[in-house]
Structure formats: C-alpha cells, structure tokens
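Hey, can you work out the whole structure from these sequences and the hints?
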Amino acid sequence: MIIHPVARRILARLATSLVVVWGSITAAFLALHALPGRIEDILAGDLIYPGLREAIIAEWGLDRSLFAQYVDFVGRIAAGDFGLSYVLRQPVAQIVGSQIWPTVHLASAAGVLALILAGVAATLTAGRGRLARGLAAAVELTCASAPVFWIGILLLMLFSFTLRWFPVSGAQSWQALVLPAVALALPTAGLLAQVLREAMERALEQPFVVTVRARGLGEGLIRLRHVLRHAALPAVTLGGWLIGGLLGGAVITEKVFGRPGLGTVTLNAVLSHDVPVVLAVVLLAAFIHVAASTLLDIVYVVIDPRLRQQ
Amino acid sequence: MTAGTPLVDIEGLSVRFGADGPAVVHDVDLVVHPGECVALVGESGSGKSVTARSLINLAGPGARTTSRRLLIGGEDASRFDAARWRRLRGTFAGLVMQDALTSLDPLRTIGQEVAEVVVHHRLPVGRRRIGELVADTLARVGVPEPEVRARQYAHQLSGGLRQRALIASAIAGQPRLIIADEPTTALDATVQAQVIAVLKDRVREGAGLLLISHDLAVVAGIADRVHVMRAGRVVDAGPTAEVLARPRHPYTRQLIAAVPSPQARGSRLASARIAPDDAGGPIRILREPLPARPAVSDEVVLEARGLTKTYRHRGGRNATFTALEDVSFSIRAGEVVGLVGESGSGKSTCAKIVLGLLEPDRGSVRLLGEPWSGLSERARRPRRAKLQYIPQDALSSFDPRYRVKDIVGENLPGLDAAAGARRIGTLLEQVGLAPALAERHPRSLSGGQRQRVAIARALAAEPALVVCDEPVSALDVSIQAQVVDLIAELQAKLGTALLFISHDLGLVRHMADRLIVLKDGRIVEAGDAIGVFDAPAHTYTRSLIASLPAPLLAGPASPHPIGTRL
Amino acid sequence: MTDSSLAGTAPVDDAAVRSRALPRPSAGVALAAAFVLLLAVAALAPQLFTHYDPLEGDALASLQPPGAEHLFGTDRLGRDIFARTLYGARYSLAIGLGAAAISAVFGIALGLLAGQRSRLLDETVSRLFDIISSFPGVLLALLVVTFLGAGLTNIAIAVGISAIPKFGRVVRAQTQLVRDADYVTHAYIYGRSRLGVFFGHLLPNVLTAVPVVATVSIGTTILAVSGLSFLGLGPQPPTPEWGVMLAESRDVLRIAWWPGVFPGAAITLTVIAFTVLGNALQRRFEGRAP
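Sequence lines, in order, name chains D, G and W. Numbering-wise (the numbering used here), the first sequence opens with residue 674 and increments by one. Numbering-wise (the numbering used here), the second sequence opens with residue 1058 and increments by one. Numbering-wise (the numbering used here), the third sequence opens with residue 29 and increments by one.
Among the clues, some could well be false.
Said to hold, decoys possible - Simulated pairs of lysine to any residue, SDA-like, Cα-Cα distance not exceeding 20 angstroms: (1) G:K1462 to W:G224; (2) G:K1462 to W:P232; (3) G:K1443 to W:I217; (4) G:K1409 to W:T213; (5) G:K1409 to W:I217; (6) W:K194 to D:G807; (7) G:K1409 to W:S221; (8) G:K1409 to W:A209; (9) W:K194 to D:T910; (10) G:K1443 to W:R104; (11) G:K1443 to W:T213.
What the hints assert, rightly or not - Pairwise CB distance ranges (calculated): (12) G:R1500 to W:L65: 46 to 54 angstroms; (13) G:D1258 to W:S221: 51 to 59 angstroms; (14) D:L808 to G:R1125: 36 to 44 angstroms; (15) W:D81 to D:D714: 37 to 45 angstroms.
Hints listed in this document are in silico derivations from the structure and should not be mistaken for laboratory results. It should be emphasised that the depicted structure is a prediction, and the values quoted were computed from it without experimental measurement. The C-beta atom is built at its ideal place from N, Cα and C for all residues, glycine as well.
What follows is the structure, given as structure tokens:
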C-alpha cells in the first residue's frame, strides 16, 4: 500500500504524540513511586480517618505487583478515570469537569486576544521606520517581561478600584472576563509579536519579496498575501508552547482576580496535598499541550509545501 | 532594431543610500531600445544591480536617486509617485533575479506566481482564461507540461525549469522591458545556455533586455551593447563587439584577459597586458609565463579502481541513486588531473572517497602505493599529511574561533611555538599574504585572501597530492585569476600533484594535464587535456565544449607554448 | 599581488552587500548590564543602599506613601518597601542562577547526546524533552510542591527541570550544526583524531551557544519563580521576596498603590535586563558561522 507523503508525515507525528502522552503518564507513575513514604499516604493527602488507607489500597490495587499497578494506572488514565479525591470525597473527573469551563473561557479569550494584538502589531511595524520599530520592540519586551499577576494588579488598581469600569472578582458576567483575559494575554502577545515581527522582517529580506515588488504589488498586499504566511511558520512552532504558558498563567490569573476555575481547584489541592486532583490537572494540561502542538505541526505541513514531500 | 522611443533613457544617474551616504552609483548614462539587449557587467560591489533596480525604483530602502534625465518609456520618471511606479512594475518592466528557488515565493504554486502580475494589474484577460494564460506563458519559455508545472512549487522543479518559471512570472504581463539580474549565475553550463536562449527569444520578439552579469563571456553571446561598471561608475561602454575587441579602459582589459582561454595555458592570467596600448588595430594579450614545471614522473600518487557508490533514497523503499559507478583513474607525481562535471555528476562523491571521508561500496583507492580506502581512520591518520585539500568555501572550513595562525598551525603538528610562528610566516609569504595577517581573523579577510589561507594550510603539511574542489568558483573574475595563478605557480615550483575539480571547463583546460569528464556518476571521457578539447569523443563532452563561451579575444599563442609545460 | 578592495566572497551583488541597519550594541545594552551589576551588588550587600531593616517594621509608620523618608513607601506592617525590594534581589538572583544551572547541566549533557549521529539516541532524548515540556512550567512546579512541599529550593528545582528542554534543544541543534560543519569534516582531513576533533572543535563551538540561552533563561526563570512565590508556594512571609510582597499587597490595593507597584517593577526590569543582555549576546553569536 502506498501512503501519501503528507499522510505518512501526519501519521508519524501522531505516533510521536502518543509516545509523548504515554511518557508523561509513565513519568507521573514513576514520580508517585519514587517519592519517600507510602503511596497510600501520599494519595490520602492531609486526611486521616480509619479505613481510608485500606480503601485506597483496594482502589489502586496497591497490594499487587508494580507492573500490574503500572498497567492498571496507564489504562485508567487513558480511559479518563483519575480516581477519587479523598480530601473532597468526589471523583476527580467530576471536580475537574465542573471547574474546567471558566478556565477554558479565560485561556481561549486570552489566546485569541494575544493573537490579534501580536498580529496587528507585527504587521504594522515590521520593517518600518526606526521609531515605530523601536517603540514596538520596547512595548513588546515590557509586556513579555512583566509577570502576569503584576499586570493583573495594575489593571485592578486602575480599572476596578480607581475607574470602577470592571468588577474586582467573580466570573458571572462578560465584564468579569475582560481584565483577567487582558492580563493573561499581554505577556503572550508580547512574546508572539516579537517572534512574528522578527519572522516578518526576515521574510521581507527574502529575494522573492523583491520579485513581488517588481510585479507592482503595494506594501500592504505584499505583507498580507506573501510575507504573513512566512512569518506564521515560526509562530506556529511556538504555538504549542504558548498554549502551555496560557494554561499555567491561567492558574495565577485566577488567583489574582479571585476567579473560580481549575487554577483555584488546583491551588487548594496543592495546599491540602490532594495528590489525585493535582495529578489529574497536570496530566490534563500535558494532554492539551500535546494535542495542540500536534495539531499545529500538522497545520505547519499544510502551510508549507516544502514539507509535503520526502 | 533600435527604432522608436527608447524604453530607458537616463543620463547622469546617481544613487546613494541615506541622506549623505557615498554614491553607490555615480553619473551613469543608459539607453535601452526595444528589441535590443544592453548588458551591465561588473564585479561584486560595482553598482550594476542598484543601477538596474533604480529603473523600477526598487534600489532598496533608503535609496536616493538623482539624475539629469530619467525617461522610462518616454515619460519623466522623476515625477512618478509611488502608485505610478507600482503601475509600471510588471506591466512595463519585468524583473528576473538570480536564484529562482528564493526569488519565487516558496509557499505558492508556480501558477499563482506567474498569474500574480496579470491578476494584480487586472490585465485584459477573462477570468476563465487565467489558467490558459499561465500555461501559454510557461510554454513560451520552454517549460514542458505547463499545466502540471503550474500546480507545482518552486522546490519541486529542477534548477533550469525553475529559472524559466521565474522568467515566465516576469513576462506574464507582457512587459516591454526585461531586467535580468544574474539570471544564469547559479546554473550549469548547458542549462545556462538554454536560459540565455529563452531571453534571446524575448529580445527577438521586440522586448528590451537589460542584462546584469559578472561574466563577460555570458554577455558576449547575447548583448548588443555593453556597459562595464566598476565602483559605481561606467568605465567602458559601446557595442559589445567593439568593447571586447578594443577595450579602452584598463579595467575592461584586465577583466577580458583574466578569463582563461586556450592561449593562456602555461601563463599567468592576472599578468595579462593588452598590446598595443593605444587603441588601434586588433589587440593582443601578452602574459607572463609560469615557472617551468618539472617533468611528470611515473610514480603513481593516487590510484582509484572501480569506485562505486549508491545511496538509498530517503523514505523510498527500494529506490537507489547511483552517485558513482565504476570510476577508475590514477594521478602521477607532479601531475594535474582535472575532474569536470555538472551538478549531480558525482564529482563531490568522488572527492569525498579520495579524501577518505566516505567509503566506496565497491572499488578501492590506493595512496602512494599503499591501501587507502577500507582502512580505519586511525590507520589512515599517519598518512593524512600526504593528501591535502583546498575547499570552495574556505571560510566555512575554518573553525570560527581560530585566527589565521591557528588555522595554518593546526596543520603543523610537533613544531614548538617559535619554529611554528616562523613556518607560518614563511607559508603566508609563499601564498602572497603579509605575515602580519597571521593575527587576523579570517572573517575580516577578503574572499581571495581566505582562499590563500586555505592554500597555505594545505601546503603546511607538505602534501604529495592536493584535492582542489572548485577552489575559485566563489570569487570575482580578477581575484579568481590571481588565485588560479598562485595555485599554478606553487604547483610548478613544488611539483605537487593536483586533483582539480571544477564545473568550469575553461578553467580546467587552463590547469590540467589530463582530463576526466563525469556524467551521472560515470566517466564518459578521459585523456590528455588538449587532446580531449581538440577531439572530444563523447557527445556529452562535445555539448559541454559547445556551451563554453567563445574566446573573447583570439589572441596569438602565448610566448611559451603549451609544449614546454609537459 | 593583493586582492582589490572590492573583493567579495561571491558574485552576488551590491544589494545583498548592504547590511541591514540593526541597532548596534548600544545604550540599551550598557544600561541592562549596569542594572544587572547593580542587582548583583544589591543581592550581596543591600545594606550599602539602605539603613532600614527588611523585616522589622514600624507599626506607627504603616502604609506611608513614597517620599523622602521612605523612597518606595511602607507596607501594612510599616516595613520600608525600598529596603525589602533591595533585599529581594538576592532571592530572585539565587533562584534564577540556581535553576538555570540545573537546566544548563542536564540540558547540555542531554543535548550533546542527542546531537550525536545515532538516530536512536536522538529520538529517545528528543522524546524525553517533549515529555518534560508537555507539562506547563507552573503546573509542573505545582506537582513538585505537592510532593516535596513549598520552599525556595523546591521551586528552583521545579523551574530548573522544566527549562531543561530549552537548553537541550539548543545544544542539540548546535551540536548537529557543528558536527556537520565543514571545519569539523576538514579537521579529519588534516589528521585530527576523533577525540581531538571533539575537544578541539566540536565542544568549544557548541558551548558558545550556552551563555546566550543561559542569560535569557535567567530572566524567564525569575519570572516563573516570582509567579510561584505569588501563589504562596515559594518562600513564606515575611521573606522579602518580590512575588511574596506582591501577594501581600493584594490586601491593601484599595487604599495604597505603592506596595503593588515597586516589587513588580523590580521583577519586570530584571527580566528586561537579562533579556536585553541575552539578545545582545545572541547578535554577537550570530555574527559568526557555527
């Protein structure tokens, strides 16, 4: 059977992602077992009541061989079963499922905002005069270097306490989403704009841009029709990493703005040593990250015909 | 031929970058008529590209142009605004650049690229006919299966086809003026001839062609008039035949004389002087002879027997690619053997096997009578000094952290510091570099100087054989002449055998005693260099020799006939 | 006999020769270097710049606005914010350097391994990098803290681990680049042994890439660590760590802006300084062939 080179590439990429997912589950398993102390104690968190340990041993099959435990662990995680939170006395999947949406809203709003800000900034300033570029570079660098929570604090002081435009906390209205999304978006936008602008400037120096100019196209068309696609390539490579950053940043942002969500759940879990919940959130973030990078790599192959053949 | 309004009529064109930068182009006059080809010739930095691109206001960011007269298509272009310039580009003037792989947008299909001019300017073609127009345009420049090619990307085409596609994208808007900036520089000789023919057809159809080239020989075959540029000024201009036959400016003369010709064998290229000095009758080139060479001995330095190397295609299951097949040759002490072939002919594979960087699948190499291929690197190392190498790109062969003295010194093991420094000084003098350069960093040297450092490094080991892999291909003509002279002179003095690898047939004819012609991994012709040129046996060799530009000047035989060299 | 001054390396043309006008290592870089130097002095001897104690507050001078007495004002407990910010430099620098050292050591070793010609080795190490980087840095740190507890050392370890792939990938790419570079191939032609090539050409040229990554990495590490401190996972109050100070400022934001501004500005400026220095190094590094 002959497999089309593009299909072959995509299949190979999917296989790699599966290996990475399996690897991250294995890493979690190894970490659990490498820790000092007994696993049932680790899983129990700060909670102590009679019969709890025995229940944990029974649920996780801790009296079986290590290999059997491992196979069971991988199988359960793969099936989306993260076990019980003994601290909260609820299935982990249920906890995560009920709290994931505010976080998804926040991260995706911030992601879209960052993409728009970075795209506009890069397209407008790449290869322009010294002043415009210098100013853009300074703003981007500051955004990329400022901690999310500090941006959040500054926004709160200015727009909530002083101007009273937006609520201080909560997640009930769309207004409550604005400041957290902006705070989370700015550092990402700063980074993305730096990468995009550099890529655009590199693309603008390519000989083909001279050819395109010699066909009579104006600057705007050259950027939109030719250069932007070239500049998108390095940004796509960065995309998976940025999504990971947004997920991590969401935890901090939720804390600043007192928003409900996975971040709050996770932080509480960390403080009460609720290992099953933390483990579930971390693994879930890893899966989202892997899925996103895989998707973006496939997009890369679609954008760049040079990768489509062997 | 030159009737009607000139397409380009400029006088006193100067271009500078920045408000008070130095003039990159200075006081240039240029006229191009429909149906004629005008060439701008010069070495790197001569300002020829900037001049040409100024005609479509694309000299680059920050370029400031002044002129006494700037008529483009009969209109005063000094009053054009940005929009007027854009309307002109692609419809009145098309631009063809050097490397189609980077000059066509790699993310768009050939068809999209060729159609862009027409679509953008809304040239009169019905929407349905765009595909046909693209196919027609591709067919006009000799692209076979144009409908198929239009759906492909630049990287999927061969170098020659790609360059034709680039020409097609430039002429799709039926421009009256074509500006071709080094359109054949990266191409093999036979492909180069084909691309020039395509451009010639456009001129025959009535387009004006402004051809920019560093290569006088390319220009000689197509240009009606030629302007020789140096440091931003036109130093010589006139009808091509006249400029070539009676070059007025010393620089033009030097350029012409620096091209290796059959008459130049056995003499120094860079020493060429043209006589008589006052432009009168037909001119002659006088050259100084190279030092006398010792006779070639019968001792065999290197013997290659039946070298075969196949590569497996990446990803493909059973597809293999034979890079080299049954290649045998020998090199005797003091002999210069030329290895000629176009890209993909297997010359690099052959060089790698000879240098012991690659093991042949079959066959063997013997160095100085002892086995060389098939040995462990450890066993080869003691004899490494006997076999040295001069690469094409000297800079990339130098460790970026090294100074000149470290580079040469690396090949002088076992010398103490003082003796090493003395030896390095001697070697640098031998290759025509000031010993003070030992402290310099190669990045701060010119291309010619770097090549000399590479030569000094090879000589440091006192080798019996030096593999020269395209040693001057990256250099300007006049520098090339100096480096070729140096290699020839050192060869004559030291009696070192050379394996001289090049795509440039003229250069190999200048250097080699014997000649090997490679095609698709096989030797198609081998023998005495002069004999092969006089009576090539294989059709491929004949086509190679035919694609060699005619000698620019038919001078008399050099004062030291070839016979004395052998 | 010498070459003409016009000699270029290739018959490309003038348009390519004109270098692009990059802002040269300039006032900005000097300023960044000066700031980092200042930071280092503040970390080693903060008492040179202030006589206030970072931990002892004056309850009567609570929440004083910035002024001559207290340059950055005071916090709720009357502690001088300028002094606390100065003393905070040592935590950020120590964790930044420590985490960067962890990721550099493992990153370089693994990157060199992956850069060898073995396909299996490359695939294995590269997948390991993928696995590590699939965990977002903050969440990986949360996991570490859950297991090992909060504290300075633990978050430094967590941030260090999550930055290993960044070093590793750069070193891997650089190793491959140098490994295939002409001068390494040619070193064999000139009779150098394998070991001689490794220590004479490969290693030194690979390691030139490390300071660049390290410098930028110190900046991003400081950023990550401050976030974890803000969440309460790092050093605990009353430690004058910048993230901790900002977390404490949340309670008084409605009535006082200064506790929420100066520590954040310190973080931002520090990260900017390291990034600018790293980029300057990068430009110097790119000016030369691999």
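Enumerated hints in conflict with the structure, sorted upward: 6, 10, 12
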